[in-house]
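Participant: Once you've looked at the hints, dock chain B against the given chain A.
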Amino acid sequence: MAEPLSPPRLLPSGDSAITVEFSRTIDDAANRRVLALDLVIAAEPIAGITETVPTYRSLLVHYDPVQIGFDALGEQLLARAAKAPPTETGTRRWRIPVAYGGEHGIDLEDVAKALGTTPDEIVARHVAGDYRVAMIGFTPGWSYLSGLETFLHMPRRKDPRLLTPAGTISIGGIQTGVQCLAGPSGWHLLGRTPVRTYQLHRDPTFLLEPGDAITFTAVDAKTFAEQDRAADAGEFVAELVRP
Amino acid sequence: MSKLVVTSIGPASSVQDGGRPGSQRYGLVPSGAMDRLSLAAANTLVGNELLAAAVEIGPFGASFTARGGAVRVGLAGASRNADIGGRPVAFDSSATLSEGETLNLGFARGGSFSYLAIEHGIEGEPMFGSLAVNARAGLGSPYPRPLQSGDELKTQAASGIAERCIELPASTDAPIRIVFGPQDDEFADESKRLLTDSEWKISATSDRMGYRLEGSVIKHLDGHNIVSDGTVNGSIQVPGNGQPIVLMPDRGTSGGYPKIATVITADFGRFAQISAGRPFRFKAVTIAEAQAEAIKFHALLRSLPDRLRGIEDFGLNIEALRDANVAGQAVSAIDAVTWQVAVP
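Respectively, the protein sequence lines represent chains A and B. Counting with the UniProt record's numbering, you get residues 1 to 243 for the letters of the first sequence. Counting with the UniProt record's numbering, you get residues 1 to 344 for the letters of the second sequence.
Looking at chain A on its own, in the form it has when it is part of the complex:
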């Protein structure tokens, strides 16, 4: 039988938010508990909570102190954290097209060299991965994925780039990610996806949810260009494999 779950730490983030911390490190089990607590709160709401923000190791719970105080909310959060997490059978799974290497992924060759292998093997290994959206943060739609195989773990760049392209698929540390908007990044750029994880005036505006399962599929430059135009017109381009 599973060990009884240790209670998370309740850390004050000022007077209007609580950080419910399950681990101090990146830890898949902790991330599952974060996402589970998020689901339990959605199913059994607590009056006064205004929004929740799942991250790798903690759930940030924003609340209105006019409606509920730190101690009362903390008690209810601990009670929900002790509940059995919902089963994962309902998890959505997305297949996301990626154009790897070349102009789409300018670091692919360097990554292959650094890891002592070929670009093709890096792509094969990245495509073979079974990932989960551990958190979305930093800028709109920037999705941090857990599940990167150990072989592809690599320290971040010493000099972060100030501008990396929209749709960048990259690896950094023990994570891989789907970046939506152009912006700074210290990760290694393997490719680009035409998928917009965030697009105004599209329903839904945000494609991915924390907890969604992700696999990648390699596409050529021509397919990328076609799908990029379709995505620009509001199509998802990402394939919903399940449910």
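Note that these hints are calculated values from the structure, not bench results. Check the hints yourself; a few may be wrong.
[Claimed, not checked] Restraint-style ranges between C-beta atoms, simulated for each label pair:
no., chain 1, residue 1, chain 2, residue 2, range
1, A, Lys113, B, Ser8, 53 to 59 Å
2, A, Asp220, B, Asp207, 40 to 46 Å
3, A, Glu235, B, Thr286, 49 to 55 Å
4, B, Phe107, A, Asp28, 52 to 58 Å
5, B, Gly223, A, Val127, 31 to 37 Å
6, B, Ala276, A, Asp71, 37 to 43 Å
7, B, Gly223, A, Thr223, 39 to 45 Å
8, A, Arg156, B, Lys296, 41 to 47 Å
9, A, Arg156, B, Ala188, 24 to 30 Å
10, B, Thr286, A, Leu115, 47 to 53 Å
[Claimed, not checked] Under 8 Å between C-beta atoms, here's a sample of chain B residues computed to sit facing chain A:
no., residue
11, Tyr26
12, Met127
13, Val227
14, Ser235
C-beta atoms are modelled at their ideal positions from N, C-alpha and C, and glycine is treated no differently.
Facilitator: Same frame as chain A, now just chain B:
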């Protein structure tokens, strides 16, 4: 249709409102006004909802011209020399620009941000329920970027009702109150004491994402990299160089530096208004105290409509008179134009 045309404006000026909470789980920060009390006061002066969209004006001067009809405005926040076509206008009061008239605003005094609310509000297309500018995410309306000369803020014609002023609590230089956490255990007690015992200044390189603090160096117990977790307005992050950064309304929704403490809700706007280079201090309070202050702050916001006064009330016009004199313009207390008499 009336509109206010931006005839000149400095950096760090944008349309802001109560922001767009609810999508931080997708990486979208709420943005919104740096100083909510001043935003709400400006809106109250012209009969708008408390957190309706208004112009947040950065430290430099600005001017606006009414076109297509008269435009009534409410001014609050950091006070400035202000005039409409040469007649002085006081802060914490409303005023009306006739068609073609220009409102001139000088540099901010005793603060960083002023709020110019427009009666009937600013017309725009809300995104996630808000007009607030978040330039990085391409959000905001009527312009998804800071304001520039020539921009137009569309509204409806001024109602012509009597001007009002608003009685706000006296400003204070009291220390900015903080609650320790969420990662204060990454710091020695000595470092925590340094935060509250030393004098701080806000760096000139600060912006709507974060205020960089200059002062003591806050050392971490071990390493400055933690695993990214969620942030709030007022999170005090300590990066590797030990110089804290306080996260402001355009912050990233997650961050990877340890957060030693958080500015309390009731003091956040007052903190946002501290001018670069001016010394200030922090004071630690308990969560219970911070929450009691948050409840009082909420009540203060709700009380704003009850704090409106007719502009003829002499006792409340001392501030206006002082502002006008500082403006270097002769003001007569019986000038019918400057001191309009409110009609109940």
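Participant: Under the criterion of a CB-CB separation shorter than 8 Å, is B:Tyr26 in contact with chain A as hinted?
Facilitator: Holds, about 4 Å.
Participant: Does the Cβ pair A:Asp220, B:Asp207 satisfy 40 to 46 Å?
Facilitator: holds (42 Å)
Participant: Confirm or reject the claim that A:Glu235 and B:Thr286 have a C-beta distance inside 49 to 55 Å.
Facilitator: Cβ of A:Glu235 to Cβ of B:Thr286: about 52 Å, so the range 49 to 55 Å holds.
Participant: Quick check on a hinted range of 52 to 58 Å for B:Phe107 and A:Asp28, using CB atoms only.
Facilitator: Since B:Phe107 and A:Asp28 have Cβ atoms about 53 Å apart, the given range 52 to 58 Å holds.
Participant: Take a look at whether the Cβ-Cβ distance between A:Arg156 and B:Ala188 falls inside 24 to 30 Å.
Facilitator: holds (28 Å)
Participant: Cβ-Cβ distance between A:Arg156 and B:Lys296: within 41 to 47 Å?
Facilitator: For A:Arg156 and B:Lys296 the Cβ distance comes to about 44 Å; the hint holds.
Participant: Does B:Val227 meet its interface restraint, that is, does its C-beta lie within less than 8 Å of any C-beta in chain A?
Facilitator: holds (5 Å)
Participant: Given the hint of 31 to 37 Å, is the C-beta distance from B:Gly223 to A:Val127 inside that range or not?
Facilitator: With a Cβ separation near 34 Å, B:Gly223 and A:Val127 satisfy 31 to 37 Å, so the hint holds.
Participant: Would you settle whether the hint for B:Ser235 is holds or violated, based on the nearest Cβ-Cβ distance to chain A being less than 8 Å?
Facilitator: This interface hint holds because 7 Å falls under the 8 Å limit.
Participant: For the range 39 to 45 Å, tell me whether the beta carbons of B:Gly223 and A:Thr223 fit it or not.
Facilitator: Given range 39 to 45 Å: holds, Cβ gap about 43 Å.
Participant: Determine whether the Cβ-Cβ distance between B:Thr286 and A:Leu115 falls within the hinted range of 47 to 53 Å.
Facilitator: At roughly 51 Å between Cβ atoms, A:Leu115 and B:Thr286 fall inside 47 to 53 Å, so the hint holds.
Participant: Return the status of the interface hint for B:Met127: holds when the least beta-carbon distance to chain A is below 8 Å, violated otherwise.
Facilitator: holds (7 Å)
This entry satisfies every hint, going by the numbered hints stated previously.
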